[in-house]
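Quick note: the sequence shown uses full-length UniProt numbering, first residue 1, plus one each step.
Each statement offered as a hint is correct.
Calculated pairs, EDC-like style, for lysine to aspartate or glutamate (alpha carbon to alpha carbon, straight line, at most 20 Å):
1. K214 - D9
2. K155 - E102
3. K155 - D74
4. K372 - E330
5. K214 - E24
6. K155 - E114
Treat the hints as calculated values from the structure; they're not laboratory data.
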Amino acid sequence: MTETLARIDGVTKRFVEEGTPAIEALTTRIEAGRVTGLVGPDGAGKTTLLRLMAGLLLPDDGTLHICGFAPAADVIALHRVVAYMPQRFGLYEELSVIENLELSADLRSVVGTEREEALARLLTFTGLAPFTRRLAGALSGGMKQKLGLACALIKRPRLLLLDEPSVGVDPLSRRELWRLVYALVDQGIGVVWSTAYLDEAERCASVLLLSGGKALYQGPPQALTRRLEGRTFLVRNMSGERRAVLTRALERPDVIDGVIQGRSVRLVVGQDGVAPTPASLDAGSEAVMTTVPPRFEDAFMDLLGGGPRGRSPFAEGGPSREQPVDSVVEAEGLTRRFGAFTAVDGIRLRVGRGEIFGLIGPNGAGKSTTFKMLCGLLHPTSGTARVVGLDLAKAPSQARARLGYMAQQFSLYGDLSVGQNLNFFAGIYGLGGRRRRNALERMVDIFALGPYLGVNAGTLPLGFKQRLALACAVMHAPDVLFLDEPTSGVDPRTRREFWSHINAMVANGMTIMVTTHFLDEAEYCDRMALVYRGRLIATGAPDDLKERVRCAGRPEPTLEDAFIALVEADDRRSAA
Numbered sequence: 001m002t003e004t005l006a007r008i009d010g011v012t013k014r015f016v017e018e019g020t021p022a023i024e025a026l027t028t029r030i031e032a033g034r035v036t037g038l039v040g041p042d043g044a045g046k047t048t049l050l051r052l053m054a055g056l057l058l059p060d061d062g063t064l065h066i067c068g069f070a071p072a073a074d075v076i077a078l079h080r081v082v083a084y085m086p087q088r089f090g091l092y093e094e095l096s097v098i099e100n101l102e103l104s105a106d107l108r109s110v111v112g113t114e115r116e117e118a119l120a121r122l123l124t125f126t127g128l129a130p131f132t133r134r135l136a137g138a139l140s141g142g143m144k145q146k147l148g149l150a151c152a153l154i155k156r157p158r159l160l161l162l163d164e165p166s167v168g169v170d171p172l173s174r175r176e177l178w179r180l181v182y183a184l185v186d187q188g189i190g191v192v193w194s195t196a197y198l199d200e201a202e203r204c205a206s207v208l209l210l211s212g213g214k215a216l217y218q219g220p221p222q223a224l225t226r227r228l229e230g231r232t233f234l235v236r237n238m239s240g241e242r243r244a245v246l247t248r249a250l251e252r253p254d255v256i257d258g259v260i261q262g263r264s265v266r267l268v269v270g271q272d273g274v275a276p277t278p279a280s281l282d283a284g285s286e287a288v289m290t291t292v293p294p295r296f297e298d299a300f301m302d303l304l305g306g307g308p309r310g311r312s313p314f315a316e317g318g319p320s321r322e323q324p325v326d327s328v329v330e331a332e333g334l335t336r337r338f339g340a341f342t343a344v345d346g347i348r349l350r351v352g353r354g355e356i357f358g359l360i361g362p363n364g365a366g367k368s369t370t371f372k373m374l375c376g377l378l379h380p381t382s383g384t385a386r387v388v389g390l391d392l393a394k395a396p397s398q399a400r401a402r403l404g405y406m407a408q409q410f411s412l413y414g415d416l417s418v419g420q421n422l423n424f425f426a427g428i429y430g431l432g433g434r435r436r437r438n439a440l441e442r443m444v445d446i447f448a449l450g451p452y453l454g455v456n457a458g459t460l461p462l463g464f465k466q467r468l469a470l471a472c473a474v475m476h477a478p479d480v481l482f483l484d485e486p487t488s489g490v491d492p493r494t495r496r497e498f499w500s501h502i503n504a505m506v507a508n509g510m511t512i513m514v515t516t517h518f519l520d521e522a523e524y525c526d527r528m529a530l531v532y533r534g535r536l537i538a539t540g541a542p543d544d545l546k547e548r549v550r551c552a553g554r555p556e557p558t559l560e561d562a563f564i565a566l567v568e569a570d571d572r573r574s575a576a
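Based on the provided sequences and hints, a complete structural model is requested.
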């Protein structure tokens, strides 16, 4: 019989008296030797629940028993058997890998032979042994997560709590994290894995889906997914513009969700809905609609009532954009060295007006460095970068006035209010008078920021932080918008909202450059480049990259399959 590690009965947690509970009357069980996925939209209560189980918070009502201990009475004993890896990288970036591990051992009273064995085991287990003297702040995203996991495991726990450990981590490193976690499960450790990537939830033995602090579903992910059999469709062979086809589909009452999938459009219809015909979507005379197997993300969206409805406000009244040059974004031999290390090596690309161009690649491949050079935030060692025909080295101010940039990490001013941030960036972009007032009113309306204008930006929920960052990047209607992992860590519904806006901007002629580790999202790109070790190793439309790795053993490859296969093929060529 499977051991129950966590018993949660009628637990409620409030942060504001008489306010809406973060967790409300929740009852659930967590078992040993399996991975339990914790999913839900932003603000659902996932982090609060993990912190309750870790003994970092106490419930207002109900009872918890974690590994036989009650957090209120036995918190010290609880901390000996529960390990918690927080959502944000919580280690010391100015300390080396080995110094962080030794500090964790000190804090957990791991000494003597036990300490030596734990350090050796974890360095081997995570593959960090060659990097013990490297500063934590100099690690790639995937290596940081491995170090965080190693520090959490310095004393072998019975229950491991992981709060979105794969956010900002590339597919190769995510696969490695899962390998490490399942090695722990094989040892009988219970794991709770909170995630915004719902393909990860499909790998869990059980999922707990929260919304508004309440459990909407508990059980195997496959059981929830099966509820959508016969309700998921793919529109293929379209001659109509795929973004316009998706918009028309989402205006139909029977369609509750839809996303772009390469050159196709994926649709989910409601419980009693009827799928639209390709003709009704103006998809072209050759377009066909086929039934496809449902995914857990489809079931997630169905349970939450579907995705955002209607057209993005950016679809109306966009600025007129004439094409002044053949390519809106150009890079010729773009190279950047940091000392003896070459981060970007001779990158060449051209991006046209009204195109979504993606940069994908492993952590540390050079994507963000390339972005920063194309935005004028970093000078190249050699090569040239142009935006709307303007050389960023010769006319940096004029070029930067024509672009918008949303950084990978929240880069606005956390101590300023939402309204103050919006006003500050309006000034930065030279907006004044009526144009300034109109731009500010439009951003507040589009991104529903009105209730938060007086709230400090640093205290916003993640989804609203991303909305504010995007609003600040586009208020001046730039010709080119650079998005560096814009939806990292946000839930699927918020991602759809973002892409609804992005698709509308593109329809008005804006050019989008985007990096992402969420490869289902990368399907929205018209073209993309795979960056590895500072070089472009593959370019093309998403479907073209998938076609390059299609084989008998992989008849229907995903973009993640293509990503991994192309990187591994480059490794083999380099080793030959």
